[in-house]
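Chains as they are written, first to last, in the numbering used here: chain A, 158 to 506; chain B, 158 to 506; chain C, 158 to 506; chain D, 158 to 506.
One or more hints might be untrue.
One copy or two, either will do: identical chains are not told apart, so a pair holds if it fits within one copy or between any two.
Pairs of lysine-lysine, DSS-like flavour, derived with a Cα cap of 30 Å [said to hold, decoys possible]:
{"no.": "1", "residue 1": "Lys254", "residue 2": "Lys458"}
{"no.": "2", "residue 1": "Lys203", "residue 2": "Lys382"}
{"no.": "3", "residue 1": "Lys254", "residue 2": "Lys203"}
{"no.": "4", "residue 1": "Lys159", "residue 2": "Lys382"}
{"no.": "5", "residue 1": "Lys181", "residue 2": "Lys203"}
{"no.": "6", "residue 1": "Lys382", "residue 2": "Lys176"}
{"no.": "7", "residue 1": "Lys382", "residue 2": "Lys458"}
{"no.": "8", "residue 1": "Lys254", "residue 2": "Lys234"}
I should point out that these hints are in silico values taken from the structure, not numbers from a laboratory.
Chain residues, written in single-letter form:
Protein chains: 4
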Amino acid sequence: MKALVYQGPGNTVWADVPKPAVEKPTDAVVRILRTTICGTDLHILKGDVPEVTPGRILGHEGIGVVEAVGSAVTRFKVGDRVLISCITACGKCEACKRGMYSHCADGGWILGHLIDGTQAEYVRIPHADNSLYELPAGVDESALVMLSDILPTGFEVGVLKGQVQPGQTVAIVGAGPVGLAALLTAQFFSPARLLVVDQDENRLAVARRLGATDTVNSATAPAAKTILEWTGQRGVDVAIEAVGVPATFEICQDIVAAGGHIANIGVHGRSVELHLERLWTHNVTITTGLVDTNSTPMLLKTVVSGRLDPTALITHTFRLEDVIQAYEVFGRAADHQALKVILTAESGG
Amino acid sequence: MKALVYQGPGNTVWADVPKPAVEKPTDAVVRILRTTICGTDLHILKGDVPEVTPGRILGHEGIGVVEAVGSAVTRFKVGDRVLISCITACGKCEACKRGMYSHCADGGWILGHLIDGTQAEYVRIPHADNSLYELPAGVDESALVMLSDILPTGFEVGVLKGQVQPGQTVAIVGAGPVGLAALLTAQFFSPARLLVVDQDENRLAVARRLGATDTVNSATAPAAKTILEWTGQRGVDVAIEAVGVPATFEICQDIVAAGGHIANIGVHGRSVELHLERLWTHNVTITTGLVDTNSTPMLLKTVVSGRLDPTALITHTFRLEDVIQAYEVFGRAADHQALKVILTAESGG
Amino acid sequence: MKALVYQGPGNTVWADVPKPAVEKPTDAVVRILRTTICGTDLHILKGDVPEVTPGRILGHEGIGVVEAVGSAVTRFKVGDRVLISCITACGKCEACKRGMYSHCADGGWILGHLIDGTQAEYVRIPHADNSLYELPAGVDESALVMLSDILPTGFEVGVLKGQVQPGQTVAIVGAGPVGLAALLTAQFFSPARLLVVDQDENRLAVARRLGATDTVNSATAPAAKTILEWTGQRGVDVAIEAVGVPATFEICQDIVAAGGHIANIGVHGRSVELHLERLWTHNVTITTGLVDTNSTPMLLKTVVSGRLDPTALITHTFRLEDVIQAYEVFGRAADHQALKVILTAESGG
Amino acid sequence: MKALVYQGPGNTVWADVPKPAVEKPTDAVVRILRTTICGTDLHILKGDVPEVTPGRILGHEGIGVVEAVGSAVTRFKVGDRVLISCITACGKCEACKRGMYSHCADGGWILGHLIDGTQAEYVRIPHADNSLYELPAGVDESALVMLSDILPTGFEVGVLKGQVQPGQTVAIVGAGPVGLAALLTAQFFSPARLLVVDQDENRLAVARRLGATDTVNSATAPAAKTILEWTGQRGVDVAIEAVGVPATFEICQDIVAAGGHIANIGVHGRSVELHLERLWTHNVTITTGLVDTNSTPMLLKTVVSGRLDPTALITHTFRLEDVIQAYEVFGRAADHQALKVILTAESGG
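Isolated chain A, as found in the complex:
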């Protein structure tokens, strides 16, 4: 089969590789219908994720059709259309029993990282019963690709850990795909105000279209000062960090109200300064986390019912075999006004 193979920093190839097969009784093999590229894939390409070694097939998102299942797989059969979770969960270790699938002892984020991933014609999915979800009928399948990673990430790590409640004021710092996913799903809890910070005017415009009540461009305005003014110096109930650099975490510390929450989603490459000299009296909560994807069944219901429409996050579509071109567009997202790109293999197989 064909797959996107990582060859080392800055180097991938669309190559012929052996088709995966069931290795354990709990495995399934899935033929990819659609997949996408994640910001994390760009980090891998830069060489920032040393666990990814040359020869690895990238990608951890997608939908497909079950091709084969192991003897212990009971929830899926050949021919089922499935959503692939970016997180593999054994369903039986201590972490999984707590619902913390991201720290599964035999899973977590392994696809396109420690084992071969989804930017390929086929992918092997370990612990298939706990790592795949039945695709609902009648829903745009590209939209469902957004449920592999970014929507549960924005929802669980941003909105749920941030404890967004009706009537609150919520700030989202960073309007990339994950920040926008937090923006969409924060609205499940009806905050009164949804403030979005970014340095890209196009993304702020998208944010306003997707429900932001106010936006501030931190490239041209002092974001924290502006938000404090908007809130009568009180600050926000929830600040969601969706960038991953010290400056944006600093904004969150500056704007969080007493009794408020900072929910970090951002992937940080270095430590940040925590202002305990000020925050120790402030009754705040700061949370971190990888996505567990245990909200996926719920998110599927909201898409089926029409409460959530993820299609607005998709800006480009490519054929799977054009994945390298897709990386170029996604890698220069600002230039292309790109959010998520869909790679489609439907004609192939």
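Once you have looked at the hints, place chains B, C and D on chain A.
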């Protein structure tokens, strides 16, 4: 001043009575701008609430202008426009410290019940600092009258105690004003399906307009059977009882899914049969409660931000001096397709 | 092998039956070391549980040694000493993902009920990875048998659902093994007062020894009246029902304070009267539930650390082959001052 | 009357000052029976708390007898014996309604800080109804002084925000009075292991006596490394920081398990480094907070019932007029093996 005075079962009069005055340092006197009639007032008129004795001024909802304050009132001053909570809270007893204002040792539901109420030109409000709320500017003031009682009741006793979550299936049994208030506020949490049961086609039509995804007329169809069919025999995550008779509580027991919640809002005159022989294995939660109105500040924010529009609950408007005529309309709600009626005293004073 | 085989109401036999074998990749076969008898087994014997058909091996509690595992079992290997949960969990259905193992689509309470159970020399355990727990070293193994069912039942269905908190007043109605398990585990949360109601003086004496601060014999004193007097007519924060008849559920309704909780553990054979005409204003929560056993890992830690000592619940020990005699003693518990009986097969195998 | 008056850094005097009087309807004046010195008082003396200006009477803990009450005080009358909370709460601002008394708009920590405090013969208590608690009879009154500040602080900011649960492993970094208060109250929730870190052998010995299962002296051993070894490199479920310097916050970050909590109690004078480059994937929660003292009624119940014995925290007793000598002992706590000192005025008045 003029007020609606209860004279005993079936008998009220719009009469001259002494204007109330500040009696304790924590009192305020409020000039009524708008008030309304509650289903509970009809119960009182029938003689079902024996604590209400002849001579009592009825009414526990409304907005107005502060006329006088006691020496310990610090949050309000003469001239402030205020929302009157149906629940009086001292803010310092054990119940109030737990946020359970409905069981305040020196308050709770006393207006128009144990002390004189709001269907009058003026009303004395004990513990004013904890029982009044500043009216936001620029919002329809009739809409705000809905925040005295029915919106916090539907929200706190139905939606919050029922623990409505995104993606869930929620049934509301009873589409009177409080059931509709639960319907409106359940949407704060983005359930996937909102099923409404009633025997009045007009109310079901209103429910559909206000967000019900499906409705069933229990006068002409078997409500529980229908809902079980709609949910693949699984039942609903949350069943909100908003009528107060054994038959509707029975429906809730029939339709609640394993792990689900029954939130009782209905005012019950007699005991019901609880099917523990079936439900003991069912991991359900059944809750009861009077409104505490501690969600009022939050609800005000959602009205100001436009997330909640209570005006759809208002069907009729009368002048305050026509209150007896308003009772007639509200008392035959089905005939008049009446939900909430507004009584307005703005020209008077 | 030998096993206790149900022959129909009132009739069991200790008989030779085929030894179980692994049937599915997720199965294990366990050689029983110790087992016990549950009150539910007595119900089965009376014919109250019609799903149990003649030929069924009874029993759903015990510890043992793994004899064989299927190809998908990864957490246990032959020779491991294990605790058998009374609840079988597949770990991958909707209920299991919510932690509600009692409603597992391919499990729940099936041992000694819908499939053969533990009162035997060997038992087949489906979904072994999620239904067995590694036995900690150095702990009394009879004590650990109490973790198969009664301790998680008392804890999850009584204490956790009842939301016991430090400083509270808690009443436990029924001092049988499960009521006493609730009594032991309620102390994890340091209530100030633990009141126990029963009709058996011996059990009340045991309750006092295990931490009850006050006890009342409802055969000779008005339990509800007594408890209301003890609490200054305020009632209790949590009432745990551990009997399963209308009279004891009535006591719970009589004594629950405003804002309090009734946690039903009792197995009810018929409906009860729910006093909504009084409780509708009372802000109470009533919960029901089968045990999910997802607290088992935590309970094991408390036993290992010495915070919980379940041995006090064991009054008699028999050899496994004397199981019919053990049933006679357990069936006339009051006469024998019996709580839990241990059946030991250690010499056999 | 006599009082300890702050004169500027390093300088206090036991001086004659005017006796306080009721100034507002919600005030009470309390005659001090017993008071104590807090670590914060030492900070003030060093000049670290610039809001405290010369002339201020210090102290924010104590018990006493009500001498006078304002016209709006209803819960207390002259002659009542009361516990003084270190936090003043109006009971009616937004923060108080959320139970966040520490951020009361007209209160919070003001005693001995922004208004005169309790190291005096008399003290004026604003918002008396929400800031005083009735003293239970029959309890050691020195013990109750521990409920003014350190016990609710250790419990609320350490144990509750840290979400200590039965069976968990909890580390407390710092065994001063507040750390020990966290140690005592963590046991309300029955953790399996309670690890304590300090640099003072005497305090570690006290910690073991009060329930620590293991202790490590961070002056002589690598605390984080030791705790990771004790926990099989897994780390602790809850790390409670009770010192307030970067090094101890670093230990907490090193030892917190995935999914765990860091609860900061320490008073920090400068920022710390937060290792988001590592913790972003770690699903941790970090909390900060001032004590709200809304657990005080509950803590009183646990003392009355004997579940909590605070007397072990008291090492020295002085007469109130010897307060300056008491400061010398408390200021050199290690030399004197001092924890809390009691100042008693009972003979005086």
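First find the shortest C-alpha distance between Lys382 and Lys176 inside one copy, then the shortest across copies, and answer within, between, both or neither for a cut-off of 30 Å. Intra 55 Å, inter 45 Å, cutoff 30 Å: neither.
Intra- versus inter-copy proximity for Lys382 and Lys203 (alpha-carbon distance at most 30 Å): neither (34 Å within a copy, 33 Å between copies)
For Lys159 vs Lys382, is the C-alpha pair at or below 30 Å within one copy, between two copies, both, or neither? neither (51 Å within a copy, 47 Å between copies)
Within a copy, between copies, both or neither: where do Lys254 and Lys203 come within 30 Å Cα-Cα? neither (35 Å within a copy, 36 Å between copies)
When no copy is specified for Lys254 and Lys458, does a C-alpha distance of 30 Å or less occur within a copy, between copies, both, or neither? both (23 Å within a copy, 16 Å between copies)
With identical chains treated as interchangeable, where does the CA-CA distance between Lys382 and Lys458 reach 30 Å or less: within a copy, between copies, both, or neither? Close across copies (23 Å), not inside one copy (39 Å); limit 30 Å.
Given identical chains, is Lys181 near Lys203, meaning Cα to Cα at most 30 Å, within a copy, between copies, both, or neither? neither (33 Å within a copy, 45 Å between copies)
First find the shortest C-alpha distance between Lys254 and Lys234 inside one copy, then the shortest across copies, and answer within, between, both or neither for a cut-off of 30 Å. Both ways: Lys254 and Lys234 sit 25 Å apart in one copy and 20 Å across, limit 30 Å.
Violated hints, in rising order: 2, 3, 4, 5, 6; the structure is consistent with all others.
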